[in-house]
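Novice: Protein chains in written order, with my numbering: chain A, 1 to 96; chain B, 1 to 396.
Misleading hints may appear alongside valid ones.
Derived SDA-like pairs: lysine to any residue, alpha-carbon spacing no greater than 20 Å straight-line [what the hints assert, rightly or not]:
| # | chain 1 | residue 1 | chain 2 | residue 2 |
| --- | --- | --- | --- | --- |
| 1 | A | Lys67 | B | Gly184 |
| 2 | B | Lys368 | A | Pro53 |
| 3 | B | Lys368 | A | Gly43 |
| 4 | A | Lys4 | B | Gly184 |
Now the in silico label distances, taken between C-beta atoms and shown as ranges [claimed, not checked]:
| # | chain 1 | residue 1 | chain 2 | residue 2 | range |
| --- | --- | --- | --- | --- | --- |
| 5 | B | Arg347 | A | Gly37 | 37 to 45 Å |
| 6 | A | Gly17 | B | Glu288 | 27 to 35 Å |
| 7 | B | Pro268 | A | Gly17 | 36 to 44 Å |
| 8 | A | Pro78 | B | Pro268 | 36 to 44 Å |
| 9 | B | Leu33 | A | Gly37 | 54 to 62 Å |
| 10 | B | Leu81 | A | Ala26 | 40 to 48 Å |
| 11 | A | Lys4 | B | Asp108 | 47 to 55 Å |
| 12 | B | Pro317 | A | Lys4 | 36 to 44 Å |
Calculated directly from the structure, the hints in this document are not laboratory data.
Beta carbons are placed, not taken as given, at the ideal position from N, Cα and C, and that holds for glycine.
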Amino acid sequence: MTVKLSIPAALRGFADGRAQVELEGATLGDLLDGLVGLHPDMGPHLLDENGAPRGYVNFFVDGKNVKGGLGLGTPVGPGQSVALVPAIAGGSRGDG
Amino acid sequence: MTGAPDGPPGPGAGKAPPELSDREKRRYSRHILLPQVGLEGQRKLKAARVLVVGTGGLGAPLSLYLAAAGVGLVGLLDFDLVEDSNLQRQIVFGSRDVGRPKTAAARDRLLGLNPDVEIKTHQVRLEAKNAEKIISGYDIVCDGADNFPTRYLVNDVCVFQKKPVVHASIYQFEGQATVFGAPGGPCYRCLYPAPPPPGLAPSCGEGGVVGVLPGILGSLQASEAVKLIVGGAETLAGRLLLFDAWTARFTEVAVDKDPACPVCGGNPVVTEPVDYEGFCGLGGGLEEAGAEPIGADELRHRLEHGPAPQVVDIREPHERALYAFPGSTPVPFGQLVRRMGEFDPARDLVFICKVGRRSVFAIRSLRKAGYQGRAFNLTGGVDDWARVVGGPPVPY
Chain A
1 MTVKLSIPAA LRGFADGRAQ VELEGATLGD LLDGLVGLHP DMGPHLLDEN GAPRGYVNFF
61 VDGKNVKGGL GLGTPVGPGQ SVALVPAIAG GSRGDG
Chain B
1 MTGAPDGPPG PGAGKAPPEL SDREKRRYSR HILLPQVGLE GQRKLKAARV LVVGTGGLGA
61 PLSLYLAAAG VGLVGLLDFD LVEDSNLQRQ IVFGSRDVGR PKTAAARDRL LGLNPDVEIK
121 THQVRLEAKN AEKIISGYDI VCDGADNFPT RYLVNDVCVF QKKPVVHASI YQFEGQATVF
181 GAPGGPCYRC LYPAPPPPGL APSCGEGGVV GVLPGILGSL QASEAVKLIV GGAETLAGRL
241 LLFDAWTARF TEVAVDKDPA CPVCGGNPVV TEPVDYEGFC GLGGGLEEAG AEPIGADELR
301 HRLEHGPAPQ VVDIREPHER ALYAFPGSTP VPFGQLVRRM GEFDPARDLV FICKVGRRSV
361 FAIRSLRKAG YQGRAFNLTG GVDDWARVVG GPPVPY
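Build the full structure now, drawing on both the sequences and the hints.
Specialist: So, in structure tokens, the structure goes:
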């Protein structure tokens with residue numbers, strides 16, 4: 001089943017500029033597998049070498065952080081909102 | 001959750017807040033008429049000491065509203081000077097302030113707005129060696145910084161000193177706001193335990209922000225600060241407010257206190273102020289990234305006399321529109337790994353960005369993805385290139 005995952009501006013450059021991606025999967029982990037499959041440049045920004053979520057990115061399913069619950073095993077279904085929320089520093093200087 | 005700071009704010013914490021003069025009563029009458037504020041609330045505002053970290057896009061509206069509200073002491077911290085490119089959003093400055101220290105220029109503006117408040121300037125970079133002393137002079141810190149090291153430092157010191165942090169951060173059209181460090185509430189590290197390692201800070205580089213966005217987020221910070229001072233209100237503690245100016249949507253997610261938080265949890269590992277480096281490029285050497293340096297002079301020579309390398313411009317399209325590098329292959333940073341097959345490993349590649357930092361991360365990403373060819377990093381980026389070849393400087 002298809003679930004909509006919203007991509008914040010800070011990560012959109014790794015997803016061809018898309019603000020939302022529709023993905024198949026029963027868990028958050030499934031969705032992220034699908035996302036990284038479509039957009040391999042995104043992978044290292046979301047998950048570490050062991051496949052665990054990065055400390056500066058949070059995943060919210062219906063407004064609830066999965067960190068305190070089932071993590072990547074959190075079930076997802078149609079109609080639910082899944083959001084990636086990364087730490088953003090500031091800021092507006094061209095720093096590189 | 002309500003998020004009043006520990007104890008009543010003010011230099012004489014615990015003492016009765018100062019009285020208001022008749023003139024002050026007139027000036028703040030629209031506050032005093034509010035049952036939630038009243039004379040008592042306005043006196044608390046007069047006694048309050050609020051530090052604004054970053055006198056930039058967020059700090060501008062924030063400090064204007066704090067001064068207008070009659071916050072007794074407003075601290076301004078920034079090490080930077082006012083630049084032309086600030087004026088599109090940093091509305092506490094005017095054209096005549098360009099080149100002046102930001103804190104001094106803002107101080108003049110704020111005292112013009114309200115001479116009854118005290119404005120203290122800290123024209124310094126917040127660092128581990130000065131953070132505790134500076135922050136100890138305030139009751140509430142409003143974080144409007146533009147970099148991760150400052151944000152983690154502000155958070156950690158405020159956890160140590162049990163002070164609330166009114167947080168906002170912005171990126172292009174999007175912003176986040178919340179209150180960290182309220183009694184029993186989460187801190188910045190409960191939400192984001194560790195800073196991004198070099199090259200993995202998604203918001204580094206690119207620049208660009210719609211001018212009104214920090215106006216909205218900075219005003220929200222001012223509102224939260226006033227509520228913390230007056231007390232009794234429902235603050236953003238425990239909630240992260242997300243705003244997207246492009247779609248004009250506010251959404252909200254829950255932020256819980258993390259019992260395993262590295263600074264405010266049960267077994268903290270961060271117990272003193274730390275200077276972080278390397279978020280947006282200071283760390284992460286060339287060698288470690290599998291890159292070789294090449295200067296603008298040498299690149300120019302090789303392009304003119306051969307053997308010419310392939311120049312890969314990893315900047316975003318809007319950056320290239322402001323300053324193009326003729327003959328380069330544009331592959332934005334976010335597409336490098338997917339388009340790795342377009343590079344010929346038998347040919348030297350030179351990666352370029354604005355200042356030569358993002359390009360190091362670009363090379364590192366390619367190496368991690370298995371790219372074997374020779375990769376050079378243009379030292380100093382197109383900024384240096386423009387200086388070497390002459391002509392107009394990079395305008396962003």
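Novice: The structure should be examined with respect to each hint, and the outcome stated for every one.
Specialist: Cross-check of the supplied hints:
no., hint, in the structure
1, Lys67/A - Gly184/B, "holds, 19 Å"
2, Lys368/B - Pro53/A, "holds, 18 Å"
3, Lys368/B - Gly43/A, "holds, 12 Å"
4, Lys4/A - Gly184/B, "violated, 34 Å"
5, Arg347/B - Gly37/A: 37 to 45 Å, "violated, 29 Å"
6, Gly17/A - Glu288/B: 27 to 35 Å, "holds, 30 Å"
7, Pro268/B - Gly17/A: 36 to 44 Å, "holds, 40 Å"
8, Pro78/A - Pro268/B: 36 to 44 Å, "holds, 41 Å"
9, Leu33/B - Gly37/A: 54 to 62 Å, "holds, 59 Å"
10, Leu81/B - Ala26/A: 40 to 48 Å, "violated, 54 Å"
11, Lys4/A - Asp108/B: 47 to 55 Å, "holds, 49 Å"
12, Pro317/B - Lys4/A: 36 to 44 Å, "violated, 26 Å"
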